[in-house]
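**Student:** This is what each chain is made of:
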Amino acid sequence: MSTNTAKDLDHVRTAAQDLHRALSDAAAKRGEAVKADLQAVAQKAKAVTESVKATISVQNEATKKHLQEAVVDFEALQKHTAEALKNSGQAFEASIRQTLADARASAQSVSEAVAAMRSAQSTKSRK
Amino acid sequence: MHNYIAVIFKDTRKAYKGLHALWQLDAEGIVTVHGTTVVHRDERGEFQVDTKETHPALATAVGVGVGALLGALAGPAGAAVGAAGGAAIGAAAGGAVGLGADLMRADTRDQATDETAFVLAAGKSAVIADVSEDSTSAIDTRMRELGGIVRRRSWTTLQDDVWFGDYMPGSYLLPYEYIPPGHLL
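Here the protein sequences line up with chains A and B, keeping their order. The numbering used here applies: residue 1 is where the first sequence begins, and numbers increase by one. The numbering used here applies: residue 1001 is where the second sequence begins, and numbers increase by one.
No wet-lab data here; the hints were simulated from the structure. A few of these clues could be false.
Unchecked claim - Among chain A residues calculated to face chain B with C-beta under 7 Å, some are:
| # | residue |
| --- | --- |
| 1 | Ala15 |
| 2 | Gln17 |
| 3 | Ala47 |
| 4 | Thr49 |
| 5 | Ser111 |
| 6 | Val114 |
| 7 | Arg118 |
| 8 | Ser122 |
| 9 | Lys124 |
| 10 | Ser125 |
What the hints assert, rightly or not - Taking CB as the label site, the calculated pair distances span:
| # | chain 1 | residue 1 | chain 2 | residue 2 | range |
| --- | --- | --- | --- | --- | --- |
| 11 | B | Lys1010 | A | Glu83 | 43 to 53 Å |
| 12 | A | Gln43 | B | Glu1043 | 45 to 55 Å |
| 13 | B | Ser1135 | A | Lys65 | 22 to 32 Å |
| 14 | B | Ala1027 | A | Ser51 | 13 to 23 Å |
| 15 | A | Gln68 | B | Glu1028 | 42 to 52 Å |
| 16 | B | Thr1156 | A | Gln90 | 29 to 39 Å |
| 17 | A | Ala94 | B | Glu1053 | 45 to 55 Å |
| 18 | A | Lys46 | B | Gly1147 | 13 to 23 Å |
| 19 | B | Glu1145 | A | Ala62 | 27 to 37 Å |
| 20 | A | Gln39 | B | Thr1141 | 20 to 30 Å |
| 21 | A | Glu83 | B | Glu1145 | 19 to 29 Å |
| 22 | B | Asp1042 | A | Arg126 | 27 to 37 Å |
These figures come from a predicted structure and were not determined experimentally. Glycine included, every Cβ here is placed at the ideal spot set by N, Cα and C.
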């Protein structure tokens, strides 16, 4: 596995962590300020999803599995963010909670992909 | 190995140094950290969990989730009480949540049966983390240098704890390094 592949995955992980950070910061706000932040999050989520898809093919099987899970989580995140932008009141609150759960799940999946990649590299270097 | 760890420190300042060191090990590629938080137990025995300022409903969820995780780290008996007692955890204002008395009794009871279980004495702080590590030595060595004592339970064992129900143990840990304002290293 090339150094560039590892770096690409590290960048995806940082982007997933940033998405969670931005969403939890947005959740602390009220009214229209939340929706403005959510629009930015929706765009970032779409870009990160494409980055994950682009890195999947060059990974080992264990890493690939976690990245495929991450794609599902990122797509759910995009869907729930779009719903949150349309909703108000309790439905909006529920969408925000779901969106944050999706962001956490996607960050976890990408992080586990990084762990699988590091483990594979470490095994390879010991041989 | 995918493990949950609790690293016990004598005070909050040391705990945040430990938190930073853990994320440094991740940055060096030695371990992979999936999520972390810092908990404190005050002199009255009440637990507090540091989290970011967020929506009150989300802060409550963090309290419930981290409470359940603390119980699980205390061992099987603690897991039962931690999950059940989660509902009693109050909402956080800026991140502090109090944990019910049941968990305190649970960890005391557990200490008698398992000296390797996580027990947080009054006045102490701990870093709670979800990590992947090829060997336990890197974290153990670094935390020992900072005065920390590491306790571990495997991710698989915690997933098998039936008491968790719908709670995913690591879901409420922050997936990046977060040090609250006022806790300068």
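**Student:** Compare the structure with the hints numbered earlier in the document and write down the numbers of the violated ones, lowest to highest.
**Tutor:** 1, 3, 4, 9, 10, 15, 17, 18, 20, 21, 22
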